[in-house]
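Student: According to numbering that gives the first Met the number 0, the sequence shown holds residues 0 to 130 in order.
Everything labelled a hint here was simulated from the structure, so no lab data went into it. Please note that a few of the clues may not be correct.
Beta-carbon label-pair distances, calculated as ranges [as the list claims (entries may be wrong)]: (1) Asp41 to Gly75: 28 to 38 Å; (2) Gly75 to Val47: 20 to 30 Å; (3) Ser77 to Trp46: 14 to 24 Å; (4) Asp41 to Lys98: 35 to 45 Å; (5) Ala44 to Tyr101: 28 to 38 Å; (6) Asp41 to Lys99: 21 to 31 Å; (7) Ser2 to Pro40: 30 to 40 Å; (8) Ser94 to Ser64: 23 to 33 Å.
Straight-line alpha carbon distances no greater than 30 Å define the calculated DSSO-like cross-link-like pairs of lysine-lysine that follow [said to hold, decoys possible]: (9) Lys55 to Lys99; (10) Lys93 to Lys55; (11) Lys55 to Lys102; (12) Lys93 to Lys60; (13) Lys60 to Lys99; (14) Lys60 to Lys98; (15) Lys98 to Lys55; (16) Lys60 to Lys102.
The C-beta atom is built at its ideal place from N, Cα and C for all residues, glycine as well.
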Amino acid sequence: MPSECFFGRNVLMATEDDGLGFVNSVSHWHRLCLWSREAGPDKDARWVQSRTIDLKALLPKEALSTFLHVAGFAYGISVIFVRTDVGIFTIDLKSCQAKKVYKYGRCNYNLRTPALRAAFTEGPRIGTSVA
0 MPSECFFGRN VLMATEDDGL GFVNSVSHWH RLCLWSREAG PDKDARWVQS RTIDLKALLP
60 KEALSTFLHV AGFAYGISVI FVRTDVGIFT IDLKSCQAKK VYKYGRCNYN LRTPALRAAF
120 TEGPRIGTSV A
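Build out the structure end to end from the sequences listed, making use of the hints.
Tutor: This is the structure:
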């Protein structure tokens, strides 16, 4: 894993081409960094930052003034779940839009990264999501 990803929260995900990737968030940066595994010049696999999402442009100001981290990824619909002190938001990777999906009160959330076996053997599984 790249050294800049040792801080913050990392969640495994499938990339657009069904490869292995992960998303990293660090609260004080207010951004999500998407990483994918690619072959290097010597055909050694390495992590490459494929995309950065600026959360300042997507989330309300009150969500940015608190802690935030990646809470999960929904495979098949390319949605990242971001947890903040004011609620859980989804970030749609295709439209790059955010939506608040849960307002805190008593929150007993349980978001899990889905099995990525399909990314290596079977191709995408439609309908697979976090539970």
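Student: If you draw a straight line from the CA of lysine 55 to the CA of lysine 102, is it 30 Å or shorter?
Tutor: holds, 19 Å
Student: Between lysine 60 and lysine 98, is the straight-line Cα distance small enough, at 30 Å or below?
Tutor: Holds - the C-alpha atoms of lysine 98 and lysine 60 are around 14 Å apart, at most 30 Å.
Student: Does the beta carbon distance between serine 94 and serine 64 stay inside 23 to 33 Å, or does it fall outside?
Tutor: For serine 64 against serine 94, whose Cβ atoms are near 25 Å apart, the range 23 to 33 Å holds.
Student: Quick check: does the Cβ-Cβ distance between glycine 75 and valine 47 fall within 20 to 30 Å?
Tutor: holds, 23 Å
Student: Decide if the proposed pair is consistent with the structure: lysine 98 and lysine 55, CA atoms, cutoff 30 Å inclusive.
Tutor: Cα-Cα ~14 Å, so holds.
Student: Range hint 21 to 31 Å: satisfied by the CB atoms of aspartate 41 and lysine 99?
Tutor: violated, 45 Å
Student: Are the Cα positions of lysine 60 and lysine 99 separated by 30 Å at most?
Tutor: holds, 13 Å
Student: For serine 2 and proline 40, compare the CB-CB distance with the range 30 to 40 Å and indicate the outcome.
Tutor: violated, 20 Å
Student: Is it true that the CA of lysine 93 sits at most 30 Å from the CA of lysine 55?
Tutor: holds, 18 Å
Student: Quick check on a hinted range of 28 to 38 Å for alanine 44 and tyrosine 101, using CB atoms only.
Tutor: Check passed, 36 Å falls within 28 to 38 Å.
Student: Take a look at whether the Cβ-Cβ distance between aspartate 41 and lysine 98 falls inside 35 to 45 Å.
Tutor: Roughly 42 Å apart at Cβ, these two residues keep to the hinted range, so it holds.
Student: Do the alpha carbons of lysine 55 and lysine 99 lie within 30 Å of each other, as the hint requires?
Tutor: holds, 15 Å
This entry does not satisfy hints 6 and 7, going by the numbered hints stated previously.
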